[in-house]
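2 protein chains.
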Amino acid sequence: MKETKLSFTNRTLPIWLESDKASSLTVLSSRVRFARNLAGYPFPTKATANELDEILEMISHAVKKEETLNKFFPDSEPIAIDKITPLQAEFLVERHLISPDFLHRMTKKKDSKSSGSFGRAAFINQDETVSLMINEEDHLRFQVLAAGLNFTDSFRKLNELDDCLESLLRYAYSQQYGFLTACPSNVGTGLRASVMIHLPGLVLTKEIDKVLRAIWQIGYAVRGLYGEGTETRGYFFQISNTVSLGQSEAEIIEGIEKVTNQLISHEEKAREYLSKNMKSEIEDKVFRAHALLNSARLITSEEALNLLATVRLGVAMKIITNITLTALNKIMFLLKPANLQVFYNQEMSPHERDEKRAALIRQILTETSQLPI
Amino acid sequence: MKETKLSFTNRTLPIWLESDKASSLTVLSSRVRFARNLAGYPFPTKATANELDEILEMISHAVKKEETLNKFFPDSEPIAIDKITPLQAEFLVERHLISPDFLHRMTKKKDSKSSGSFGRAAFINQDETVSLMINEEDHLRFQVLAAGLNFTDSFRKLNELDDCLESLLRYAYSQQYGFLTACPSNVGTGLRASVMIHLPGLVLTKEIDKVLRAIWQIGYAVRGLYGEGTETRGYFFQISNTVSLGQSEAEIIEGIEKVTNQLISHEEKAREYLSKNMKSEIEDKVFRAHALLNSARLITSEEALNLLATVRLGVAMKIITNITLTALNKIMFLLKPANLQVFYNQEMSPHERDEKRAALIRQILTETSQLPI
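Here the protein sequences come in this chain order: A and B. Mapping to the numbering used here: the first sequence position 39 is 201, numbers consecutive. Mapping to the numbering used here: the second sequence position 214 is 376, numbers consecutive.
You may find that some hints are simply not true.
Copies of the same chain look alike in the list, so a pair counts if it fits in one copy or across any two.
[Stated by the list, open to error] Cut-off 16 Å, straight-line C-alpha distance, at most; resulting in silico cross-link-like pairs (EDC-like, lysine to aspartate or glutamate):
| hint | residue 1 | residue 2 |
| --- | --- | --- |
| 1 | Lys-518 | Glu-443 |
| 2 | Lys-480 | Asp-446 |
| 3 | Lys-441 | Glu-514 |
| 4 | Lys-226 | Asp-315 |
| 5 | Lys-233 | Glu-290 |
| 6 | Lys-518 | Asp-446 |
| 7 | Lys-441 | Glu-517 |
| 8 | Lys-226 | Glu-239 |
These are computed hints drawn from the structure, not numbers from a lab.
Next comes chain A alone, as it looks inside the complex (with noise of 0.2 Å):
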């Protein structure tokens, strides 16, 4: 197989993560992505191996002519998902960019036994805040990443796509219902708006499925870090909105910006309440977080993941002073099985991942306590 080049993976963190002003301890991130269909075609799940080549086809014709779109995504041809690696396939799930729906969907071509994930592939841009897939559930799902609790911006540019593609392209579409998809949960805007969030103090002071359930309750699903179906990890919860109809746009990113904001302080009275009556239990946790990132010979991604929570946890309440934002970001990236081995450009068994992981971890925490606080 041809290897197709990924221009962004020699980078060991997305732009977007890279400056400590950017991000936040708390809300590690902030996604919109918009649901669409082109009208006159099945959706993916019901369309032949053939109309999916044609689905690519039109919207690639679209990316390539339009001017702004062809701004976002200057790489002429995009990613398609049977042409590059499994690991760089695994490497665009970790950094969020596919779904990892996206990579396991195959179709059966007509009048043939063999299988694959025809017509699917991926626009990328450069500095990966911007993703477009063809052919996952919808024939077109778009979306824009920020750091922190930021919708503003990135609203704003989702926008800018979506009326660039609707410049060229055909939407499926109903005066009644609003756009069609292929899950009814987004009929209507197409929109979900969701937030990658930090409760290390709810769950350690035992108060968040209480304050998870009443999220739900108000309409919001509440995820692990790969979206649906994924276990979480790390106290890291994803929160999103469940409904797109009923509700304007401008009110879903409004809700989910206000559930985002009381979660927030709902974690910081957990954080002050850890502080003042389980000092000593949490200053145990987090230096025996620190010191076994700091000192493991082999390491899993899982539990890494889950050391640099506490970590993380650790440096939100200033009882670790000497690691940055960025470090932890870094660190949270670099720790994926598919980022490790894209990091050292080799491909490794288990073993040796341990074994590298554990020898990257302690080299940037390292670099960080170094640098002046």
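Chain A is already provided as a structure; the job is to place chain B on it using the hints.
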């Protein structure tokens, strides 16, 4: 209760373990003890409180009167078990100067419902190498402790004590069987010789069961840190002869020395195997254990002992080079609940102990790491 002063409690470590030269990384200590009984009295379990008092009186008198014995134990009175605090008693057990059984053995006083540790007392010398229990399982149990594998001096000293006691007391002795004791396993020489040995290599290579079974088959018992009925902890094993009849004293000592040397040799081979075949796993384990001891803010004695045992292996395998053997031994004693409280001269709740223990361990490790190697 008027507190009996224990003059040696202000030492963090028994004198005999204070020198790096005297002790060894694999064999922590050697111990020899004689079991003896006075003719004309029932064994302690069958004796009345009055008889136990008489036995105590006779033995104490002999110790005070005999010049050499008096030199060993210059304190005129033995430490009466019912005259010291529970904390002091626990301290003596942790230092291996009295047996756990000695503390908990209770006698009912004749014509009374009251029961207690009547007539039970111990002489302990200043450097904690020699102790003499009165009315434990036998009327007399006296022992000599030494650092490392070293029976020569201690066995000479034990015999000297025995000769002195015999010059003033009439032992229960049979021409056919030798010295008579409460438990048949001690009949004959009444000699038990044991070593406390550290076998992490054999545990980690999973060879320990095979090796210990072989030891057991040729007549040696394997026990935990505090003797009979105690669990093995932190890879420490106590090996001792099981039979004292039908072998001369010299044969018993030679036997345990030989078995110990074989164990040392097996352990060294296991460590070589680990070095060659599981290098990163062992380094990971050692560095993590060291990091946790260096960073915990709350630690139980059990966790601390297990981590310390792994660090001890790391020092033996030269993975860690900036910790002295004395520091390892010091931590090993100070982590124990009673030793810790005696060191700080205050009674503490379990939570306070966990906090103080963690702080003290960090302090000792910091001090040792600043010493020139």
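Status of each hint after checking the structure:
For the identical chains of this complex, Lys-518 and Glu-443 are inter-copy neighbours only, at 13 Å across copies versus 31 Å inside a copy, given an alpha-carbon limit of 16 Å. In this assembly of identical chains, the alpha carbons of Lys-480 and Asp-446 lie at most 16 Å apart only when taken from the same copy (14 Å versus 28 Å across copies). Within a single copy, Lys-441 and Glu-514 get their C-alpha atoms only as close as 37 Å, which misses the 16 Å cut-off; across copies the closest is 13 Å, which meets it. Taking identical chains as interchangeable, the C-alpha atoms of Lys-226 and Asp-315 are never at most 16 Å apart, the minima being 24 Å within one chain and 92 Å between chains.
In this assembly of identical chains, Lys-233 and Glu-290 lie within 16 Å of each other by CA distance solely inside one copy; the values are 14 Å within and 83 Å between copies. In this assembly of identical chains, Lys-518 and Asp-446 lie within 16 Å of each other by CA distance solely across copies; the values are 13 Å between and 27 Å within a copy. In this assembly of identical chains, the alpha carbons of Lys-441 and Glu-517 lie at most 16 Å apart only when taken from different copies (11 Å versus 33 Å within one copy). Taking identical chains as interchangeable, the C-alpha atoms of Lys-226 and Glu-239 lie at most 16 Å apart only when both belong to the same chain, with a minimum of 8 Å there against 100 Å between chains.
Hint 4 from the list above is the single one not met by this structure.
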